[in-house]
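Residue numbers (UniProt numbering), protein chains in the order written: chain G, 1 to 502; chain X, 1 to 303.
It is worth saying that the hints were derived from the structure and are not from the lab.
Fair warning: there could be bad hints in the mix.
[As the list claims (entries may be wrong)] Each pair of labels, with its calculated beta carbon distance range:
| no. | chain 1 | residue 1 | chain 2 | residue 2 | range |
| --- | --- | --- | --- | --- | --- |
| 1 | X | Leu263 | G | Asp326 | 34 to 44 Å |
| 2 | X | Leu38 | G | Gly273 | 21 to 31 Å |
| 3 | G | Arg138 | X | Gly118 | 17 to 27 Å |
| 4 | X | Pro259 | G | Gly335 | 26 to 36 Å |
| 5 | X | Ser56 | G | Leu144 | 48 to 58 Å |
| 6 | X | Leu263 | G | Arg315 | 31 to 41 Å |
| 7 | G | Arg138 | X | Val14 | 48 to 58 Å |
| 8 | X | Gly118 | G | Ala362 | 38 to 48 Å |
| 9 | X | Leu263 | G | Thr344 | 42 to 52 Å |
| 10 | G | Gly284 | X | Gln40 | 29 to 39 Å |
| 11 | X | Leu38 | G | Phe328 | 32 to 42 Å |
Please read these numbers as outputs of a predicted model, since none were measured by experiment.
Backbone N, C-alpha and C define an ideal beta-carbon position, used for all residues, glycine too.
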Amino acid sequence: MRVGLGLRNRRAVPWPAVPCLAVQEFRRAVIDATGAGGRVVSLFGLPDGPRETRLVAILADDARGELDALSARVSLGYPALTPECPQTHLFEREIAEQCGVVPEGHPWLKPVRRHPPDHLPPGVAPRPFDREAYPFFRIAGDELHEVGVGPVHAGVIEPGHFRFQAHGEEVLFLEIVLGYQHRGVERLLESEPAARGVLIAESIAGDSVIGHVEAWCGALEALARVRKSPRAQAVRGCALELERLASHLGDVGAIAGDIAYAPAAATLGRLRGECLNLLMLLSGNRFGRGLVRPGGVAFDVPDDMAAASVARLERVRAEFDRAADDFFANDSVQGRLDGVGVLTASGCADLGLVGPTARACAVPRDVRTDHPWGVYRYAHIPTATAQAGDASARAVVRQLEIIRSLEFLIEQLPALPRGAPRAALPDRLAPDELTVALVEGWRGEIAHVVVTDATGGIRRWKVTDPSFHNWSALAAAMPGGAISDFPLCNKSFNLSYAGHDL
Amino acid sequence: MTASAIGALALILVVAPLLPALAGRTVAFLTGRRGAPLLQPYRDLAKLLGKGAVYSRTTTGVFRLAPAVVLGAALVAAGLLPLDGRRGLAGFGGDMIAFAGLLALGRLLLALAGLDTGSSFEGMGASRELGFATFSEPALFLVLGALALATGESSLGGMLGAPLARAWARAPATLAMVGVSLGIVLLAEASRGPVDDPATHLELTMIHEVTILDHGGPDLGILLYGSALKFALFAALLAGTFLPRAAWPAPLAVAALLPALALVAILVGVIESAMARLRLVQVPHLLTGAAALAALGVVLRVR
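If we strip away everything but chain G, and leave its shape as in the complex, we get (with noise of 0.2 Å):
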């Protein structure tokens, strides 16, 4: 990786420093960083004059704590990464449709959320756009048959279109098609004040409210230049670690659900009810809303309130290590997850994949500890991995998460420190910059990567949720399982549909 421009989780860079190359020399730097072991953490692209985009990419270093940016001017096509760099296939995917530059030579360039381009240069002409087509791919033969699953389910959950190749009981391929929640976050985030952009970034998937408005406000605030408080930083970072307990609590509850084994799936899912009502003790909001504002939190956590929440999280941790000594003891439920599902460290980072997902397959990927930011930068959570790679092994990710995430909270409520919750920002932000906000929420790592225009506007504001890596493992996972196994196996990675169509 080249050095020199010094780009960190949540530190602004001038944007002209970002080095513009030729196309050629911008493919071999991805593709070489990532060979390298880096990782792409998005790929993107913006108008950048008449008929003209500007790719981005913004490449992780996680073992050194390092981000880098890399542009190209391009036109009306390139030569796609993906064959060369099969991480970025989706993001050359979503450039495609929404700049309307064609990736050349891509395998797999279908639509991702089926809208016409919201990011066109000037002078470009759109293309006929038709939301329904879609070429789906099939495996012909007398004796496989199609099952296709959604976009409407049988629970109340988010919609999104399933289609298997079978044969008999085993899935030999499984597409994914999304986009049914797409509501043009980007465009929003882009166009609308940062009064209205903060309920937006909390709505960018419903449960991950404190990760996504924390990326926001980390954006925001490394152009703005503004500092938190020590004590702003905390409570934050407890209220990160309450959503990611609470949905952690609720996914094992679920994957015992589907198992149907029933003790575990009641009691975790109850205390997930517990730990959203701690968060609404906190911020007045079930799903933590309203909390996490920039320049710090809305609301200050009084000393009784952190004591009784410091008590209430007790029987929660007393209560979970039961219902988890019986679940990840009981023979049948060893039995029915292992090996369900399998992804491997190589597939892993082929495909760049994120959060307890990677950490399931022995690869050690966490923004808290790799990129830290605000308290993670003094209180660290030791990260947890397993090594199958499969259902089974992402339960015990999430098992240990919980532990941890449960240690970190008793271990900072009773002891956060002085200072004021929130900090005044300026009126304006910083022209004519870049900035990366990364965060690791419950289900990996979020990113906002933002640029401003010359007069501290807002240029272009990148989300990248842990989903959008992640989608492509379940469908990667798949093949080979049996079409029984395959809503424990969803479940397992659990991802969100609405993170991901934006």
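With chain G fixed as given, assemble chain X onto it according to the hints.
Chain X alone, transformed into the frame defined by chain G:
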């Protein structure tokens, strides 16, 4: 035909919907929840019977025939079973084969109705329902065969009637194996855990539930009642094997059916809350085990 046989049949027809409810209630109790009221199935049945039916244009008469055949077959099978511990309403030499055949007929129509919808979910459900039946039916026949050998009788009335008490004294090992094997067959035939998950909403994992996914209104009510009745019949068969009641006074023998069925339903609930559901490929292993156990029971009686 006796008053006690009619009384026992009437009893089981009335209480059948209670069994799945009681099993569900047991699971709820063991997991710290309250669960649905025991009488909820009756309310559901009343609601469904009061509704109109909607039929897909892709379905044919087979789809509409299925509920009647499923219920009819279960009713006739109930008539063959000696529910009062003496003899059934109708009984004849070899009626155990008719009993198994009637239940198989119901299953066949259910599978055909599933295929008739043209839905890929229901096609898979039909395939699973029939695929697992090829393992549970031999187990059932071996169970009935072992019972016949142990008692020296060839009709259900004889096997579960007076000769059964003597057989328990003569061949307890065979009958115990038969009982365990029958218990496993019950879990599969009644679509209970760890074979099936009656509580799931996930079509891709369902076995029995998915074959009735497209039925609605009275048809669905009849199918739900039919599967509850099947659960009750297997529970009665199991209770009859472990509890020979031929020597009891008739009213007591009939009344004893009620706690015996409740006990079976509670045991099913306990099993469901104690373990996760098997993966589908392992279901045949379990059923083969049941068949092997019953076969061992047969071998012990052949000399």
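Beta-carbon spacing of Arg138/G to Gly118/X - inside the hinted bounds 17 to 27 Å or not: The hint (17 to 27 Å, Cβ to Cβ) holds, given that Arg138/G and Gly118/X are roughly 18 Å apart.
CB-CB spacing for Phe328/G and Leu38/X relative to the 32 to 42 Å hint: With a Cβ separation near 33 Å, Leu38/X and Phe328/G satisfy 32 to 42 Å, so the hint holds.
Supplied distance hint 42 to 52 Å, evaluated on CB atoms of Leu263/X and Thr344/G: holds, 49 Å
Beta-carbon spacing of Pro259/X to Gly335/G - inside the hinted bounds 26 to 36 Å or not: At roughly 34 Å between Cβ atoms, Gly335/G and Pro259/X fall inside 26 to 36 Å, so the hint holds.
Consistency of beta-carbon spacing, Gln40/X to Gly284/G, with hint 29 to 39 Å: Given range 29 to 39 Å: holds, Cβ gap about 37 Å.
Cβ distance range 34 to 44 Å for Leu263/X and Asp326/G, holds or violated: violated, 25 Å
Assessment of proposed distance window 31 to 41 Å (beta carbons of Leu263/X, Arg315/G): holds, 36 Å
38 to 48 Å as the expected CB spacing between Ala362/G and Gly118/X, which holds or is violated: About 45 Å separates the Cβ atoms of Gly118/X and Ala362/G, which means 38 to 48 Å holds.
Assessment of proposed distance window 48 to 58 Å (beta carbons of Arg138/G, Val14/X): At roughly 52 Å between Cβ atoms, Val14/X and Arg138/G fall inside 48 to 58 Å, so the hint holds.
Outcome of range test on Cβ distance (Ser56/X, Leu144/G; 48 to 58 Å): At 24 Å between Cβs, range violated.
Beta-carbon spacing of Leu38/X to Gly273/G - inside the hinted bounds 21 to 31 Å or not: holds, 26 Å
Hint compliance for this structure: hints 1 and 5 are broken, all remaining hints hold.
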